[in-house]
Amino acid sequence: MKVISDLIITEKNTGSVFVFPSEAAAVQRRKEFLRNSGKKAVRKNRFISWDSFKEQITLHNREERPMNALLRRLFAADIIRENSNGKPIFSRLIPAEYSGQAGAFSEVIYRILPELNSLAGVLDSDGGIFAPELKTDYLQLHKRYISFMQTNRLYEPSWELPGLSRPDRIYYIICPELIEDYNEYSVLLAAAGCRTIGIQNAVGPELRLFENTVIETDIVLNEIEDLLLCGTDYSDIAVTCADPAAVDILLSAARLRGIPLRHRSGKTLAEYPAGRLPELLRACRNSNYSIESMKNLLLYRAFIWKEAETASALVRFGIENRCLKNTGPGNSDDIWASRLSAAGRTDLAGFYRKLKSRIEAVNRCRNFSRLAQEVQAFISSFLETDSDIWNVDCEQVFQRSREVLAVLRETSEQLDSLSIDDPLGLWIDILREKIYVRQQPGPGIAVYPYRVSALINPAVHFVIGLSHESSGAVSTSFSFLTDQQRRDIGTNELNMTDDFIRSYAQSGADVRFSCSSETPEGTALPPGIFIESGRINRIVFSPGGNTGQAQFNAPVPAETRWWSAVCSGVQGPLPVLSKIQLEGFSYAAATFMSGKDFDSTSEAFPESPVLNSLLTNLQDKSGLMKISASSLNRWSACRFNFLLTDLLEVYENEYVLKPEDPMTAGNVLHEILYDFFCRLKEDGRPFSSARLEEYRELIRHSAAGVFYRWENEENYFYGPAWDALKRRGLQDLSRFPSAEAEYYDGYEPAGLEMPLGYALDNEKIFVKGRVDRISAGPDGAVIVDYKKSWKKQGKSRFIQTDESGGLLPPEKGYQLPFYIILARAAGFSVAGTSYYSIEDGVHFPVSGAGGVLDEEDVENLCRLTIESIRQMASAVRHGDFTAVKRCDGCGFRAVCRKRFNVGRDS
Amino acid sequence: MKLDKYQQAVADCRTNAVVSAGAGSGKTTVLAERFLRLVEEGRAGISEILTLTFTRKAAAEMYERIYGLLLGNIEKHAVAAAAAEFDKAAISTLDSFCSRITRDCSTLFGIPSSFKTDESAAQTLSSDVSLDFILSRSWDPYLGEFIFINGFENVWKNFFVNMAMNYLSLGDPKDFNAVFASQMETAAEQLALGTGKIKDLVDEIVIMESDLVGVKNVQEQLRKFSADSYDDLKETLTVLAVGKPRGRSDKPEFIRCKEIIDELRPAVEELGTLIDTVDNRDLLEGLFKLTSEFQEELFSRKRSAGILGFHDVLTMAVSGLRTDKELRRYYKGLFRFIMIDEFQDNNSLQKELLYLLAEAEGRESDGIPSAAELDPSKLFFVGDEKQSIYRFRGADVSVFKQLSSEFEASGGVSMPLNKNYRSEPGLIRFFNDVFSHVMRDSSLEYQAEFVPLKSREAKLSKEPDIRLLYKPWDPELPEDSLSAEESEAYAIADYIIDSVGKLEVNDRDTVRPADYNDFAMLFRSGTNQKTYEKVFRLKGIPYSVHSVRSLFQEAPVNDIYNLLQICLYPEDRTASAAFLRSPLVNISDLSFVQFILSRKPVFAEGQEECCIGESDRSKYRTAISLYERILSLIDREPLADIIKEIWFKSGYRYLILSDSSQYGYLEYYDYLHALAADFDGRGQSTASFLDYVRENLGEYRKIDELKILGYSSGGVKMMPVHQSKGLEFPVVIIANAGNRGVADRGGSAPAYISETDGLSFNLVNNSEQAAGERKRSNYFYSRGKAENADREDAELRRLLYVALTRAENHLVISGCHGKNNRSGEKSMLNMFLSAFGWIDGTDPFECPELEPYIKRIENIVWTPERVTVGGKADMTEVSRLYAAAEIREFFLEKTEYAVTELNAEALGADEASGKSAAGGTDLPALEDGVEKILLNGGLEAEFGTLAHRIIEYTIKNPDAGGRTDPLPVSDELRPFFRKIEDPDWPHLFSAAFSLAEGFFESEIWKTVPRAVSFESELPFSAVRMYAGKEILVNGIIDLVIETDEEVIVVDFKTDRRIIPGEYDLQMSIYIDAASELFSKPARCSLFYLRGGIAIEI
Ligand code: SF4
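From first to last, the protein sequence lines stand for chains X and S. Here the numbering used here is used: position 289 in the first sequence is 289, and no number is missing along the way. Here the numbering used here is used: position 624 in the second sequence is 624, and no number is missing along the way.
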């Protein structure tokens, strides 16, 4: 506003003070003064903000100390605690029946306190607006608050109007319309001769309405670039971002374009990663050391862990050993401890014990001194304290949060009769409230939040994200009351929305308003004042079109368009790039653009030491290549998968823990059947359909033993899931004897979990395998493989031929023929094979009695298998691990990259 | 827009009304008009009309529409006044309006008014409470049984968490005892009824006179049945599983016997279920009790956390209004009129809320008022039952259906708006034909009633193109045929290519040839979206998608994930392997194998040795720089910024940019970035983010919440039908219409909720069934499941309606029949075919009514030549251009300094140019202990400030006795120096105090007359020239002593040495500033506190 600019220059009295609604405006106007007045220096305190003004010139004349946010929080927490102790203080403010679960009410109490005295005044003559119980509650709160303050020699500054300390100076209050609490002081200030300068009425600029925030910020950055390129000093440009959700988009787009912006706003300490330690410690305790909470704490890189490797090893252990969470707070239910001890991991057990006890100690504290000590103890036990190895930002935030705790400790120590149930919770609350502005080195264009930059006066001021919602500036007293209560007691709303927009219209020589219809938070509308006056300029980009100015200038879209043209053979001049784009290109040129010397997914390994060392993994001591049924299956499905799994031993690890997993369930059931047949073998008699009941009993015995072993030696599931597995397992296996009797009555176990193997001719191949069971019967042996679940399969699944009758790799793999070959080599005469489906309680014979394959099929299959083994051995020796052409994908799709479209040659 | 007579009537309506507004009938216009009229006629002030919408977008549109209308009529006095205070207009979503009410009554439920509505936090809380609850009840036999039947994870997530999110809410606590009691009562009644019915049927057969053997056999079997007692009934029920009488006969008793057996089967089945239910009474009671306890636990945790979901907010608002009559009176009094748009997507709770708000003045019923108890003209519902497609979000179409009859019976009106202004008359005729069949059974409460639409004038010169692209099932296709969906995608692509530039579309009132932007492809679900995308890419058809689905299957997400994963889990061998082979490193597989065989983390020390050849070494080193950079950012900078850093710094984009057929994938970065930003917003760690991504890797999944902003890429729009609601397109293609949707979960849902019976549990254990043991079915669960299936079917019919009616000019429906979808009406295709008289199992090409529309989709055999589009860049040339690229960088010069900073910078510059003041004199050290504390704690600066503050305090408080009694000074200053630990404070304070004392003993202080004025800590700003430019400096002068003739500036230093000239610039700035501020000559003294030495500058 010109009036302000003129006033600060022409004011003769060097003692006069200009009071602005915000610090930003005061600072900016002080600079303007120095630039335009010809003076070489000025006292900073001639240009001050309203808040400093109040601090400087108001007097409370009190011996007591003023209440502040922290003290109010302490009081609120204290009264909530007291209210929850058996005899509630309140009946309506916090319904008595919920007094024990009312922790969240402390926020409301905290918000009430500054206005409690005025409310008490209203309650005196409320004419029945408030229910009597509620009234009593408020008065009770008032009484207790006063008593608390008296006991601790405190007073509530927001309850009283102060005097003015230096009425002799001339104060100009600039645009008091923008000051929320100005009215409270207006009479006093007028009497003290303070002068006011109101907002001028002037037609402001139009509002540019964009499709969305990304386009809006791109346009604004284009314009900023133009200004800078034309020589405008960066300090003459300012951006105000009215929509908080747009700030990140703006900053991030500017970073990409190398335009330095400095955001003049902070976040709460708890929003910074390094301010989250207390939350993480709380989460561990509250979740009973759930694996998620442990991951979040132990793998969190905002802190530097002294024993970082042990910390991640503990997480890995937890995942691998199914430490979902402790089932209760006590040690008896400490799953972590018991599994660590069962696994004999004393190193990790010690770390865990110490960690848990420190976390427990922090959570259990009942006062702040203790909490500060325990937090200190935690930090010195687990975190590096040498600030040199910390990230500077993290270190500062971390220190700030610790300072908050120190203040809490000191403040609470000064208070009598205060008892806090949950100091850690309160610390967290305050970290969630305390704003910290990150230090940003180097110069940059200032980016302000809305309202604080009103009345600054740069040459060009972009006010972006200015929507109906983001521009709302309404303040209401007694916001904790209901709509109706506020209306009945006649509270006034102070709506400063239009005043702010008007003031912004004059906050700079060239003000550019804009907003977007689509923002990160959803749909937005322009502020009413623009709709009303018709000052809206809708800027529309045609879909897919490339005529928009934003697309033309913004380096990334411009570069994309350039590439698109190049790809279609049209090559124009390369657009101007930002530094990061060139860095990216250099990286790409040094890596993927420079091609790959050798790609094993499409060509065989050359004869090389690498291939030799690869193959050693497959060889036994005597140099034979070991081939098993599963490795043959893998190789036949995809050689590259085989390379990863069998030669490089790359396995997919689980990183998210599941309460149950089918693999464990399968293992348990296999073990029971194994145990059952061991008993049968000991018994020495063949399986007999006459003894089914006895077998069922025997299975129950076996199961009991296996379950017991798992419960003591393995990582079984949690209570209910484990119980369900046991019950279901027993139920499923109870069907086994009848199923067995149906096909293999009179058979006796000849080999259980039997390791078989033999060297194939002279070909330096050793085929091997472990068969679940071989039972010998009157016609020969049967091979049985247990499956947790198996569905009936037709012949074509086991044996496939091509059009010319040649055999193709079987869809269901080589397992059974492979076992037949092995068993034969071990001297068994194999009469049949079967899959037994545990869940269905049914045998599915594949060959032999009831099987889908006849003898000829079996022989063909065995031949095919031997042939495939030979082929495999040869291909492996020649380094052929090429990926299969078509597949449904597997866990290695990101390694082979064959299933990706991106980066693939069309 | 000028209203037609029906629209006029609606806008002018003066009673409670429900407006059934068909697709394209201009309902938003009518609502806005009505608003205008209410204001214009002075019937309501701007804040007295409550206008509610379903979505935030709709609310914003409504706001703008109404405001615009008012401003367009501003010449009318009442309207002008209303427009002036339009910021008071109550136009919002129903959710946010409920939130307002709930804040006023939440205390009633033990929730503070500061509660947070956060679905995602509520979901996490629900999951935690559920797991804790299960684990704490491990001993409970009923829970054990339930888990045994349904599985642990199913019970945890699909029962408890689901209940917590969608059914249990603070405002509507459920009485599960009552539900149990009522179910048992119903079961007993049904059992009696069922038994009676069966008995009658059995008796009818038993007493039949017949000499037919078949009938006699049946009679003999049925005679064994007895229902004399419950036990008899149970025992003899199996005898009713009797086959039909054998043989053939025309005799009436034979025919009747067969009929009865047909009737008997379902009755017996139902009776068996009822018996199971009664037999499992204890288990059911236990489960209901358990659910009650869970409800308590959940509510208690929600109260403690102050976190609510949307459902809580709604139920609390309704319950608050119902029980707190004062609250109701207040909100009733606020609004004279309430208008609600899209009401078909709401449910009975929302209706109750509105009825409570519209209750007639003076009435205060205890429950929800009936329609007759409402204010006669307050409510104005707008909706279209045929467009109710949000059942999965709790919408219940029957509520909207009932409104008409309720209003009509109580003096209100039900008004239709059936004229469709959107679609060509030819299309309207087609819709009327189709939907009079598809929606024929409207007697069911949840089935929409179809009333034929009226049409506008035609705008096109030709009839609309309406076609069905259909591919029949062919079990004998050649091996290398493309999938049916791929063939379908090619057919659609060909249709689009042929139509562009030829098909006529209307643009407002003119006609022009269609371009790609005119086409929209709508899916029931996007299961096959990627197929269409792939084909469109290959065919060079520009398109934009509403949501990506193969995000987690594609390279960008996988590669970025693997880099982050090895940062957090360097031991992960799969991630390491993937990373090494990714474009981010791209080393040869010879080196790759060496790395993996080494078994060490990729970037462990010495690993470079694994590289074979200089090229791989160089790639590896490049990758290290990226890895280290990212490692330094993780959990320190927002995840979204890290993703951005990887994407741009690694030049990953160029992988896509260099091949124009892949440009669609550029958006994948935006989606991943948005996903990361979402995690940032929730304060989640990188570990959690990785957990989430990992769970989804390789999955074809839609992520609903992700929204990206950017430049619209145009082209054919692909979107789910749900997202097309409220939109219109010149050409609509309903693709993949043969899709049957998510497969029925085959009874694996652990529970159902039904309108009639409430909660019901699944008691069937599939394993038990397989074991041939008698299954334990639950009558109520079966009913709930059946009801659910019927409602789903009705919803699909409405979805088809919404999809078809988006078309303005032309319509294509395409779909294939395969092995599993050739019968039943579970797909849009079959519904559509049936509407034209097609019968399951027949050939649609034989159906005469389909003839005008149906076109065959040909089978396509895979050939590599299909890849036709997508140019590639010449990378050599591109690299040359990049090497010479112009870079735009902005180096901003600092123009503002702190005095000390400037002094240090100038000193540094001097040192660099060899002008530095060398040498210097050491000052005496402080006590050993103090020096140690300063050194160890890095407290030098803090200590200096402390000494200044002591001097300042002493000067400012000459009467406080500060120089003789340090204690009050210590107490006063302690809070400002928190960095100093408690035990160190006395030592440091006392040392600083003695230094301060040194000043007071110094000549400067002693020679200054006491009467002059002092000013300490004087802050100032000044301008001066520095390095050839004008800069601004800010500083604080420690002490200024003003005499009549001059000002003396004193600057305190706690330095350990005196270095001549060290502070010259600083002091000269102080002197200039002081001289300007006091308009007197100034001089300056540097006072070194250690040693008490003053140096005059
Ligand atoms: S995704 Fe396919 S090609 Fe790649 S490794 Fe797995 S099976 Fe082989």
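There's no promise every hint is true.
Derived lysine to aspartate or glutamate pairs resembling EDC-like cross-links, with alpha carbons at most 20 Å apart [what the hints assert, rightly or not]:
1. X/Lys658 x S/Asp128
2. X/Lys44 x S/Glu896
3. X/Lys788 x X/Glu660
4. X/Lys596 x S/Glu609
5. X/Lys354 x X/Glu413
6. S/Lys88 x X/Glu493
7. X/Lys788 x S/Glu153
8. S/Lys979 x X/Glu395
9. S/Lys956 x S/Glu1001
10. X/Lys39 x S/Asp1072
11. X/Lys579 x S/Glu886
12. S/Lys325 x X/Asp488
Per the computed footprint, the stretches of chain S lying under chain X, defined by three or more beta-carbons under 8 Å from a beta-carbon of chain X, are [claimed, not checked]:
13. 209–222
14. 579–593
15. 655–668
It should be emphasised that the hints constitute simulated quantities derived from the structure, not laboratory data. If you're wondering where the values come from, they're calculated on a predicted model, not measured in any experiment. The beta carbon of each residue, even a glycine, is placed where N, CA and C say it ideally should be.
Here's how the hints hold up against the structure:
1. For the hint pairing X/Lys658 with S/Asp128, the CA-to-CA distance comes to about 14 Å; that is within 20 Å, so the pair holds.
2. Taken as a hint, the X/Lys44 and S/Glu896 pair is honoured in the structure, with Cα atoms around 14 Å apart against an allowance of 20 Å.
3. Using a Cα cut-off of 20 Å, the hinted pair X/Lys788 and X/Glu660 holds, with the two alpha carbons roughly 14 Å apart.
4. Annotation: proposed proximity of X/Lys596 to S/Glu609 holds, straight-line Cα distance about 18 Å (limit 20 Å).
5. Taking the CA atoms of X/Lys354 and X/Glu413, the gap is about 29 Å. The hint is violated against a cut of 20 Å.
6. In summary, the hint linking S/Lys88 to X/Glu493 is supported, as the alpha carbons are separated by about 12 Å, within the 20 Å threshold.
7. For the hint linking X/Lys788 to S/Glu153, the alpha-carbon distance of about 18 Å falls within 20 Å, and the restraint holds.
8. In summary, the hint linking S/Lys979 to X/Glu395 is supported, as the alpha carbons are separated by about 14 Å, within the 20 Å threshold.
9. Under the criterion of a C-alpha separation no larger than 20 Å, the hint pairing S/Lys956 with S/Glu1001 is consistent with the structure, at around 17 Å.
10. Annotation: proposed proximity of X/Lys39 to S/Asp1072 holds, straight-line Cα distance about 11 Å (limit 20 Å).
11. Distance check on the hinted pair: X/Lys579 and S/Glu886 sit about 10 Å apart at the alpha-carbon level, within 20 Å; holds.
12. A C-alpha spacing of about 16 Å is found between S/Lys325 and X/Asp488, which places the hinted pair at or below 20 Å, so the restraint holds.
13. Counting residues of the segment 209–222 of chain S whose CB lies closer than 8 Å to any CB of chain X gives 0, which falls below the minimum of 3, so the coverage claim is violated.
14. Note: the segment 579–593 of chain S has 12 residues with beta-carbon separation from chain X under 8 Å; the three-residue rule is met and the coverage holds.
15. Counting residues of the segment 655–668 of chain S whose CB lies closer than 8 Å to any CB of chain X gives 12, which reaches the minimum of 3, so the coverage claim holds.
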